[in-house]
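Participant: Residue-level listing of the chains:
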Amino acid sequence: MSTATATHDDHHDHGPAKGLMRWVTTTNHKDIGTLYLLFALVMFFVGGAMAMVIRAELFQPGLQVVDPQFFNSMTTVHALVMIFGAVMPAFTGLANWLIPMMIGAPDMALPRMNNFSFWILPFAFSLLLSTFFMAGGGPAAGWTLYPPLSLQMGDGFPFMIFAIHLAGISSIMGSINIVVTILNMRAPGMTLMKMPLFVWTWLITAYLLIATMPVLAGAVTMLLTDKFAGTSFFSAAGGGDPVMYQHIFWFFGHPEVYILILPAFGIISAIVPTFARKPLFGYSSMVYATASIAFLSFIVWAHHMFTVGMPVVGELFFMYATMMIAVPTGVKVFNWVSTMWKGAMTFETPMLFAVGFIMMFTIGGFSGLMLAIAPADFQYHDTYFVVAHFHYVLVTGAIYSIMAATYYWLPKWTGNMYDEKLGKLHFWISTVSVNVLFFPQHFLGLAGMPRRIPDYSVQFTDWNVVSSIGGFVFGVSQLMFVWIIVKAIRGGEKASDQVWEGADGLEWTLPSPPPYHTFTEAPQVK
Amino acid sequence: MSARNERSFLRIAAVAVAMFGFGYLLVPLYDVFCEITGLNGKTGRVDEAAVVARYEPDTSRTVTVQFVANNNLGMPWQFGPVVASMDVHPGKVYQTAFTARNPTAQDMVGQAVPSVAPGKASRYFNKTECFCFDQQPLAAGESKDMPIRFIVDPNLPKDVTTLTLAYTVFDVTQQVAMK
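Residue numbers (this note's numbering), protein chains in the order written: chain G, 1 to 526; chain V, 1 to 179.
Hints listed in this document are in silico derivations from the structure and should not be mistaken for laboratory results. Just so it is clear, the structure is predicted and the values come from calculations on it, not from any experiment. Do not rely on the hints blindly, as some may be mistaken.
[Said to hold, decoys possible] Here are the computed distance ranges between Cβ atoms for each label pair: (1) V:PHE33 - G:GLN64: 44 to 50 Å; (2) V:ASP159 - G:PHE298: 31 to 37 Å; (3) G:VAL458 - V:ASP159: 42 to 48 Å; (4) G:ASP455 - V:GLN106: 51 to 57 Å; (5) V:ALA13 - G:VAL66: 38 to 44 Å; (6) G:GLY62 - V:GLU129: 35 to 41 Å; (7) V:ALA13 - G:LEU149: 29 to 35 Å; (8) V:ALA50 - G:PHE162: 46 to 52 Å; (9) V:THR99 - G:PRO311: 31 to 37 Å; (10) G:GLN459 - V:VAL32: 44 to 50 Å; (11) G:LEU149 - V:THR99: 26 to 32 Å; (12) G:VAL458 - V:ARG11: 57 to 63 Å.
We treat Cβ as the ideally placed atom computed from N, Cα and C, and that holds for glycine.
For reference, chain V alone in the conformation it holds in the complex (with noise of 0.2 Å):
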């Protein structure tokens, strides 16, 4: 009786020990069910020359793109894009910035987090450079021009006509410093 209560617990403790796995594993798997669907407004990185190789500039089509910035709490930094919208035609592909201050006594890094709305447009919205690509390292006092580059899919829907990318910038000073 005791051997088969054994048994038995090493198979019920296993599915637990799985389980707390599964909870990893839903990171991962988040994140891949957020790249197919485009949901959560995460957008991606295209390579430029193919995009443009494969899109057809739609010139018949305006789109107004906005640009917001936001600070997440406690970041300092005074953080805003260069222009506040843009009118772009699909297909083809644009450049604007963003200009970034570090107006402390501190060197610090900071990364910016993208986010598009429509959540449904942003499947349609291909970054080809961005400063959001890459951590941005600020000396005290430094101030600089963030350049980004993008071009909107010809296949967005049509009753799409602005479209809002925000980015947040967030202090991960520490985090650097951590490894």
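Isolated chain G (complex conformation) (with noise of 0.2 Å):
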């Protein structure tokens, strides 16, 4: 991927190493990026499995697939794996490609650090998945691990509980390592209002991790104290509540929520300007919008727990604070389509996941306004309209910046162009499967299917059927995304270094691709 030539005279401009141990020691933003990605797409595939084996025990009603328990499991590790494992590595791994050359730094700020964000990842992985392995079988709880439920995990609990402290102790690293190095490495005249928007995006969400992983990892060492030493955090018997585990894991969980998406919209707000050939409208509100989603969502968190019993008040806050979201997200929207608006547009494939984000993304920030309506959401709690509406903003959502993205800097990163005629099919089949997959699970809630059941009544079946088939199509469909990233890594047309006609921005004045080291001296932003 970034096999620079090693021939330079200047030894300060040396290329990577050789064998194995250059990905174990890497210390190059490059490398650890395409790591990160990596990883993430390997666990794409693993929780994409785990997925599968939901659809199929919910392809009919009755249990004939796994056992219960299991299929508790699935729904539970399907949810750590891609939030933790897939989603928030992916973005990561952008950031860490994207951000020193976008910035014009020659690396991230704390190159060591980095490295060892990376490399807790896998043991962080192979803990939660080894728990599979142990008597009680894996985490069943939901990925929120609601006590006293989670308290009741097998053998595998503590496994469980260090897999979450070590991944937010990488996370937790990997942001200190981004805002340090968009605060103090930018290129002379890169000022903060003229970094590109994934740069914003992501500065942001960096603080929103430092000030929320750490609050999950207290919350799951109460959990882990509970079992083991005593204490009565959540236990009613010892002057305990479990009801502020929920409290306290939402203070966290509400804000992941927006970790999981902010990055996704300075990726759009990349790629819908490169295609419409127009600058981005209103770039400054683009950045007021997302500090002040930023600060909402810590505001907003019990919305998540309307039926738990609350006083109207508390409900009525925070159905107000919730959707007062709706504003500056509906800032962004209509800023993307103004942008589009009379633009010389043309439809590539990151352009095409690009308008699918917004359209499909707005969908599931109606059914989220929707939940928010507490009355309302007494009906639809728990149901599968709340999978279907958290699908829609994570699936058609985060995934789909991803891919977008992945199409978008692919040709930057390898020098190759990838198969567009491919890249456009991956795109219609996923859209056509992923809607079949998800949007029929919103009238099955509305029917009143609950969710995390292996379950169901008979008059659910037909939509749950249609369910099943898109997502068989969806999963397998996601292998052609493999083959073309393979395919793009191993050759086909060169890229020129603008690689898109209408792109703007640092990282396409660099070759394609980069050399192993870039902007060793800074350039001069106008």
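Since each chain comes alone in its own frame, lean on the hints to assemble the complex.
Facilitator: What follows is the structure in structure tokens.
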């Protein structure tokens, strides 16, 4: 990938080391970015395989494929792997590859810590997945790990907790690195308000991570001591309260969902102007909208808990605060649409994914507004409507943005164009199947099908069959994505430095692929 | 440059450590918040002499207090109220009891946790004496009546005519042994 020629006389600009140890000991931001992205891709298929088990079991009413305990651990670990193993590392990988090139820095600010924060991850997820081979099986209480149910897990419990600790430490270190890089390493002339939006959204995301991952670490540590050290944070018998866990968890959990989407906003804000051949409409409003979403994310957590029993005043506060988030998010969607307005648009694969993102993320946003209505939420809570909602914002939102980013920057990273025909085919098969997969789940949820249950009443059968078929097609079609990437790495039409006619930014001034070390002398930004 | 990065690193890492502490700080904050607002059906302990002096008994009003007993998962005690409900006047002290029997062959320790519904009324339900204030040891086969004295605040909102006092009894034998 980043195989720059190692023939420079200048000893400051040496190429990568040879062999496997290159990847273990590397402190190069491009290598580490590649590692993160490959790790995320592997985890995407691990989590995806679990989703296939879920859809296979739900293909028919009754219990046929797996036993209910295993089904529950599938839903739980699918979520943990996809959130902490696929989406977050993929965004961190993109940040590693792109942020130094976008702000004209030679590397990340803290390269050794960068290596460490990546290499923790394989250990974290080995720990998590190893619980499947222990007495009591994998975690099965849902990814939110609510006590007292989560405390009933078998021998794997401490392994799961330590896996979350490690993944958390990794992303905190990654975030510190990103913040320090952005604040200290910008090229002369690259003022904050000149930074590409991907850099801005990541700066804000990194702050969210630094503020909330430690709170999650605290919450799961309390679970650990409740189980093994005789504390009673969440046990009513000792004066604790299980509902308190939900408050602490969602104090982390709600900012977390913006951690999973803000970098996506940055990616879309880079791609849409390129293919509309117009500068981004309303740059500064995009920055302020991102910041206000981040701020609001801290005061809406209890909308996940409308049904636990809250006074009406609390329900109203969290309902209105939640609805307020639609305002800055709406600003973003309107800015993207305005950017496209009267643009000279072409629809290469990255643009297809970006436009798909805007449409389908908005569908997920609207179902989120429905869920925000406290009295209506009593019907939707813990049904497939919720499942449909967060898969629209996470699969056709976060994952689509990651795929858009991969197609957009792959020619820059590898120096080769990907296969455009296959890319477009991948987009269309994915988009049709993902809607077949998730759209019927709205109907199932409104009709009352509960989530996280391996069996269902027979009247839900038809839409579950449709949803499962969509799921299998979507799952298999992602193999195309891997094939397209492999093909582009191995060769193909050479990409120019500019790659895309309308692309703008420092990374496009570098050769494709960029040499192993870039911007060792800072560029001047006007 | 690198000294500057180190400074930034230390500053941001300190924020991360502080936020870990903040997670723990949420625990006392939560308790204080629930106590002030009476949310979560948590009821406090009050001094009998003080409230009797303060409250004027309101004999014109009658409130039904229902008693409910639950066992936490895996708790084998036979646990229930002596009477299912009482009609009481706000401002007067009443006494009743719950009965618990340990049917097992082991000595056990139980802890009852109260909750009052509706939640908005929990602030007005005061206990002056309750078996839930302490852990209750029961020897194998032993049974006992455990008293509770309570007084309903006359300021109880007018629309509340029925209060439910529910206890869940937990097995804390192991936690006690660990200490």
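Participant: How does the Cβ-Cβ distance of ALA13 (chain V) and LEU149 (chain G) compare with 29 to 35 Å: does it lie in that range?
Facilitator: Given about 34 Å between the Cβ atoms, the range holds.
Participant: Between ALA13 (chain V) and VAL66 (chain G), does the C-beta distance stay in 38 to 44 Å?
Facilitator: 43 Å, holds
Participant: May I ask you to test the hint 31 to 37 Å on the CB atoms belonging to THR99 (chain V) and PRO311 (chain G)?
Facilitator: Since THR99 (chain V) and PRO311 (chain G) have Cβ atoms about 34 Å apart, the given range 31 to 37 Å holds.
Participant: Between PHE33 (chain V) and GLN64 (chain G), does the beta-carbon spacing fit 44 to 50 Å?
Facilitator: 47 Å, holds
Participant: May I ask you to test the hint 26 to 32 Å on the CB atoms belonging to LEU149 (chain G) and THR99 (chain V)?
Facilitator: 30 Å, holds
Participant: Cβ-Cβ distance between ASP159 (chain V) and PHE298 (chain G): within 31 to 37 Å?
Facilitator: 35 Å, holds
Participant: Starting from the range 44 to 50 Å, see whether the pair GLN459 (chain G) and VAL32 (chain V) falls in it by beta-carbon distance.
Facilitator: 48 Å, holds
Participant: So does ALA50 (chain V) sit 46 to 52 Å from PHE162 (chain G), Cβ to Cβ?
Facilitator: 50 Å, holds
Participant: For VAL458 (chain G) and ARG11 (chain V), compare the CB-CB distance with the range 57 to 63 Å and indicate the outcome.
Facilitator: 59 Å, holds
Participant: Is 35 to 41 Å right for how far apart the beta carbons of GLY62 (chain G) and GLU129 (chain V) are?
Facilitator: 54 Å, violated
Participant: Range first: 51 to 57 Å. Now tell me if the beta carbons of ASP455 (chain G) and GLN106 (chain V) are that far apart.
Facilitator: 38 Å, violated
Participant: Return holds or violated for the Cβ distance of VAL458 (chain G) and ASP159 (chain V) against the range 42 to 48 Å.
Facilitator: 43 Å, holds
Of the numbered hints listed earlier, those contradicted by the structure are 4 and 6.
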